[in-house]
Amino acid sequence: MHKTLERQIKKFLSGADVSAPHWQDFLTSIDQAYIHFDEDRQLMNRSLEISSRELMDFNEKIATEKAKGDIVLESISDALFVTEKNATISLINKSGEILLDCDSDAMKGKMFSDLVLSINLENGESVPPEKQPIQMAISTGNKVTGTFLLVKKDSSRFLAQISANPYTINHQIAGVACIVRDVTKEKEIDRAKSEFVSLASHQLRTPLSTIGWYTEMLLAGDAGAINDEQKGYLEEIYHGNKRMVDLVNALLNVSRIELGTFMLTPEPVDFVELSKSVIKEVQPQIHEHVLNFEEKYQPNLPVVPADGKLSRILFQNLITNAIKYTPPNGKVIVSLSTALGKDMGHGNPTEEYVLFSVADTGYGIPKKQADKIFTKLFRADNVREKETDGTGLGLYLVRSVLEACGGEVWFDSEENKGTTFYVIVPLSGMRAKKGEKALI
Amino acid sequence: MAEEPKEGQKTVLIVEDEKPLLNAIKIKLENSGFDVVTTRTVDQALSYMEDLSRVDVIWLDHYLLGKGTGLDFVVKVKGNDKWKQIPIFVVSNTASPEKVQSYIKFGVTKYYTKADFRLDQIIADMKEVIV
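The listed protein sequences derive, respectively, from chains H and L.
When the first sequence is numbered by the numbering used here, its final residue is 440 and no position is left out of the sequence of numbers.
When the second sequence is numbered by the numbering used here, its final residue is 1131 and no position is left out of the sequence of numbers.
Keep in mind that the hints were calculated from the coordinates and are not lab data.
Only a predicted model underlies this, so the values are computations on that prediction, with no experimental measurement involved.
Any given hint could turn out to be false.
[What the hints assert, rightly or not] Derived lysine-lysine pairs resembling BS3-like cross-links, with alpha carbons at most 25 Å apart:
#1 L/K1076 to L/K1099
#2 H/K433 to L/K1099
#3 L/K1099 to H/K309
[What the hints assert, rightly or not] If you want the footprint, here are the derived chain H segments under chain L, 3+ residues with CB under 8 Å:
#4 190-197
#5 240-250
Beta carbons: idealized from backbone N, C-alpha and C, even for Gly.
My request is simple: use the sequences and hints to build the entire structure.
See below:
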């Protein structure tokens, strides 16, 4: 019998004959109830013990994670602002305090737009709060980035790259984490570098003109007859100089693209005529490389509003690459047609484009280097071994120009089988871009 | 003051500050049958314009010695009824596109970047214009 029941019988039922059968039945069922109750209690105790142990573990985990989070926040050199859904700041790291020269407590509950003025770099006007990354990220639910000139309360200013990333709780946007980076120095260095290249290139062109013109005159016999050996040497000088001029021009173009100072002026361009004229210019190289050259033009190809000079750069680069990187007796096919974005899997599906393609049976682009082919100063290993003449700037220029004008470039290639480059320009025309400098 | 040209010979005024280039242009133009007058400044170019009995064509650089650029010279030449018909060929490495636009607007015949063109090509274009 359960101990408690036994005690209570002794205390309350003393003198009663508990051995009588009706008592026996009664007490047995109570005894069972007591035993069940005990079992239940033990069970509950055990689960309580487990829960509290788990809770303690959990608390420890939270504390560890918080400590980690805190140290991560303090360690990152970029300023971080975390906001609530209403864009008010709830968390700032040390770098944020330093950047805005303001105590964390003084910033909490305020909006980022209350603390600094954001200036649009293109028009110099201040950006309203609802157009700033934090509020845009809250209203769109997407990551929003941008570069602005930020003006602090004390009127000091700096160039900042801002990236606002929304976070969700239970699938609802709950606020944003916003990273602000002072990029003043980076931009200055970048600008100084590009300006140096631009200046140096200009200065280089005068002596290059001198070399070019005097060599031209010697070759033409302006200073008297020359023998074949002398002619051969002078031709080497002339072509070496021409390569240097091309390199300087390419460097100037790159610096203009990187300074953002190049301009793009669309005017009606007949791509077929342009292609024919570029091919005429490179006829000597086609001949020298013994290539089978084919041109395929869609009849009545529409005239497209495009920048003539830039289009020429695109055509020249892709055609001379095909010639340079195709072994003798190979084939190059240049073609121009119109195509819809969706049929090519490039551009906007519903937009119509002019498609310029150059297919060759050349060395091809190694698969493992395919993603680097448009990178500045990159040259694929297989062609570097075969052809020394190449700046590593051509395809970089092609892609930069197309990115600026709403076009696209891509390629298919198999090593030692050949490569096809595709360039598309919207039939509606290249996007105009105001700038100080034309490309050369 | 330059000598008077021979009968039927065309006179070209070259305005270029870089001596080696000036020299190359002069020799090439003389070898191509031109009577050549050279200067490195806008001021002297203008006094040649006044003094010479005729100038048939002008070869002009943008940046020059002394005060004034090629553009200042063009403005003066094209603003003078006596001279405005004279074709001007601007051959420069340094002029920016806006300046090129200004040159074209003021009515120069053609603009070349030095490093990208051969002398014989520019001279062939010149001959075509002044025939």
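Now for the hints, and whether the structure bears them out:
no., hint, result
1, L/K1076 to L/K1099, "holds (16 Å)"
2, H/K433 to L/K1099, "holds (18 Å)"
3, L/K1099 to H/K309, "holds (17 Å)"
4, 190-197, "violated (count 0)"
5, 240-250, "holds (count 3)"
Of the numbered hints listed earlier, the single one contradicted by the structure is hint 4.
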